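There are 2 protein chains.
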Amino acid sequence: MERLDDQHAAWLARTFGRTDYLPLTREDAIALSQAGIVIDKYKGTHLFKEGDDSEAAFVIQEGEVELYRMSMNGRSVVGRLGPGAVVGDIAMFQSEPYLSSAKAVTAVRALRLEREALFPLLLSRPVIAMRWLVTGLGQLEATQRSLIRLMNRTVLEQVADLLLVEQDRFGEVRLSQATIAELLGASRQSVNEALSRLKDAGSINTGYRRISVLNSQELAAASSA
Amino acid sequence: MERLDDQHAAWLARTFGRTDYLPLTREDAIALSQAGIVIDKYKGTHLFKEGDDSEAAFVIQEGEVELYRMSMNGRSVVGRLGPGAVVGDIAMFQSEPYLSSAKAVTAVRALRLEREALFPLLLSRPVIAMRWLVTGLGQLEATQRSLIRLMNRTVLEQVADLLLVEQDRFGEVRLSQATIAELLGASRQSVNEALSRLKDAGSINTGYRRISVLNSQELAAASSA
DNA sequence: CGACATTTGTCATGTACCTGACATTCAGCT
DNA sequence: AGCTGAATGTCAGGTACATGACAAATGTCG
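Protein sequences appear in the order of chains A and B. Under my numbering, the first residue of the first sequence carries the number 1, and numbering increases by one thereafter. Under my numbering, the first residue of the second sequence carries the number 1, and numbering increases by one thereafter.
Every clue listed holds true.
Here are the computed distance ranges between Cβ atoms for each label pair:
#  : chain 1 : residue 1 : chain 2 : residue 2 : range
1  : B       : MET70     : A       : GLU96     : 29 to 37 Å
2  : A       : ASP168    : B       : ASP40     : 43 to 51 Å
3  : B       : PRO120    : A       : THR15     : 21 to 29 Å
4  : B       : LEU164    : A       : THR15     : 35 to 43 Å
5  : B       : MET72     : A       : GLU193    : 18 to 26 Å
6  : A       : GLU96     : B       : HIS46     : 29 to 37 Å
7  : A       : ASP168    : B       : GLU50     : 26 to 34 Å
8  : A       : GLU193    : B       : GLU50     : 30 to 38 Å
9  : B       : THR45     : A       : ASP168    : 38 to 46 Å
10 : B       : GLY171    : A       : GLN34     : 46 to 54 Å
Among the chain B residues that face chain A by a calculated CB cut under 7 Å, a handful are:
#  : residue
11 : ARG69
12 : GLY136
13 : LEU140
14 : MET151
Facing chain B, a subset of chain A residues (Cβ under 7 Å, in silico):
#  : residue
15 : MET72
16 : ILE90
17 : ALA129
18 : THR143
19 : GLY185
Keep in mind the hints are simulated off the structure, nothing from the lab. Here the structure is a predicted model, which is why all the values come from computation and not from measurement. Glycine included, each C-beta is placed from N, C-alpha and C at the ideal position.
Start from the sequences and build out the full structure, keeping to the hints where you can.
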């Protein structure tokens with residue numbers, strides 16, 4: 001059990017709000033991991049839903065979570081979050097119901113932190129509080145980027161920008177065109193057309209649920225960032 | 001001088017990341033106000049510009065600040081922030097240059113906190129760190145709302161939503177149509193048309209640089225939130 | 001008070017994008 | 001292998017919105 005804790009703590013120190021200037025001590029990391037419980041969610045299930053009482057926040061450890069909100073005109077995806085990110089904290093700190101839903105798009109493992117356990121922890125462990133702050137501000141930055149991506153831009157430019165941001169270290173983006181369309185609030189047809197054009201220009205290559213970036217320079221130019 | 005400090009401290013306790021569950025002691029508030037210096041900015045001047053080295057963060061005390069980014073297609077406004085809000089912290093915590101510009105749209109008074117002073121303060125005063133976190137998450141929430149407002153919505157719906165969020169306690173919004181258009185990333189003409197329609201429907205009244213909300217219910221319906 | 005700047009109201013034209021519909025291709029499963 | 005659901009590719013028609021160009025109204029300042 002001790003060994004498992006250590007492993008978990010090391011993981012947290014590496015990924016949760018990672019900064020070079022805020023080292024997380026072993027004690028800190030263990031305190032964090034012991035303040036919550038690890039939960040597993042199957043693909044497609046919800047961590048929480050819009051309107052639920054915000055009892056807990058979640059630190060994602062494995063998998064990907066989609067934050068979205070429903071409205072009369074369908075779903076609006078606010079963001080997709082991976083390991084190291086925090087979800088559900090906004091509503092919890094504001095003592096209001098969750099304002100968006102969080103769904104596991106893959107199998108997800110997360111650390112669930114109840115309000116009652118988290119607050120004392122943050123107040124007694126400043127480094128954890130700072131790290132939490134850093135992850136939050138990281139999300140704020142990403143959301144600002146999404147905003148900018150949408151404003152004053154054609155679908156072609158939006159797609160180019162999204163591909164640049166979303167590509168992994170192999171230059172690949174593993175999303176269906178329908179998903180990309182949802183992230184951008186555009187129609188799948190428009191995304192398809194944009195991708196075709198980028199492909200014709202030689203900037204990318206497309207496949208089934210896979211897009212590979214061939215020329216970042218050209219893409220950046222096409223995004224008119 | 002003591003009295004001035006007290007006054008300042010009381011102000012900070014009231015407005016900065018205000019929560020009912022995290023009381024800011026007088027010592028905390030004074031420590032915060034003494035960690036930085038108060039600066040004044042004339043209308044139209046910049047607190048910082050995109051690309052500048054991120055040396056400091058600012059807590060707005062009076063006035064309004066506009067956060068925006070330039071691109072090939074013109075300005076994209078990320079947000080407008082008033083008293084109690086924090087700007088410039090994202091870049092500072094990430095040790096990167098500012099990624100957006102902050103301009104005073106009115107005369108602005110702000111508390112300027114250098115990186116070197118702020119970090120020790122946050123690490124030694126957990127309540128301040130938590131409050132900082134709360135303001136950050138509040139901004140994240142507002143930005144998510146902006147995102148949702150833009151996605152899958154017509155200009156009419158966007159305008160209706162904006163008016164609901166932006167109205168003061170007298171039901172008034174003091175923005176020019178051009179400014180609203182910029183906030184939404186739409187054209188002034190479209191905003192004008194949307195406002196005309198809402199006015200015809202009796203939901204609002206319009207004047208020079210002023211819009212008064214007459215019927216929030218109808219507006220909410222028109223926003224299809 | 002009158003001159004000027006800002007803001008609002010309205011038109012005409014072009015186009016990017018959405019909706020809906022359908023054929024084709026791909027991946028996973030038995 | 002063959003079947004099935006999911007994802008991609010493509011077309012036609014309609015529309016919301018951008019752009020550009022003015023006129024009218026409102027505020028501001030000498």
